[in-house]
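Using the sequences and the accompanying hints, generate a full structural model.
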Amino acid sequence: MSMTLLIVDDNEDIRFTLAEICAYANWNTIEASTGEQAVKLYKALHPDLVLLDYHMPHWDGLKTTKEMREINQKIPIIILTVDERQAIADAFLQAGASDFALKPIKAPDLISRIRVNLKIARLTAADDDQVFVEKGINTSTLTSVKQTLIQQDVPISIDEIRKELPIAYQTIHRYLSYLETKGEVEVISQYGKQGRPKNTYRLLL
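full-length UniProt numbering applies: residue 1 is where the sequence shown begins, and numbers increase by one.
Only true hints are included.
Mimicking SDA-like on lysine to any residue, the simulated pairs with C-alpha atoms at most 25 Å apart in a straight line are:
#1 K146 with P166
#2 K40 with H173
#3 K66 with A44
#4 K106 with T17
#5 K43 with E180
#6 K163 with H173
#7 K40 with L165
#8 K163 with L45
#9 K43 with I30
#10 K74 with I137
#11 K74 with Q86
#12 K43 with A91
#13 K163 with L41
#14 K146 with R122
#15 K40 with S177
#16 K163 with I30
#17 K146 with I78
#18 K182 with E164
#19 K119 with T4
#20 K63 with I88
#21 K40 with P57
#22 K198 with L142
#23 K43 with N72
#24 K63 with N117
Worth flagging that the hints you see were computed from the coordinates, not collected in a lab.
All values reported here derive from a predicted model rather than from experimental measurement.
Shown next as structure tokens:
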């Protein structure tokens, strides 16, 4: 099963390098350049693992880790840093970080660390993991619908979502209705001169 990793670093070149490493290992990636943006993506998309830079403006890695752990305690968070001080490591572990990878990044070491942390996460979640969050709602499909919405700057229709996902109209409508009941999606109705209103959908972050 394909895994999705959230890459968080304010340096675009480093994000590109990390994404290339992940692609080599057949992992999907989503990216954030700030801690604030990362927390929104973390909350909305529930990635399988986070690669998080320590030194970032505004929210550094430590604050971002704390904010993420308020949302989810189980998703592995690997801290990327040049700082080897034990006090820094202790602070991150106390905040909920799972592991560390020293910069400059070495691909074999990072891939190995990611694989170990993903395996630990799967074993930890084995008892309470659910393929379906509710009857007829598959977590993988739900994530795909949410990820399509979050990539858009404006509300979009079901037909526009269908262009991105190989899913039937009725299925997308069911997932959007589910997200609406959970308060995660806003439905915007646009009334024309004739016929039924056209609904568009926006993910609430």
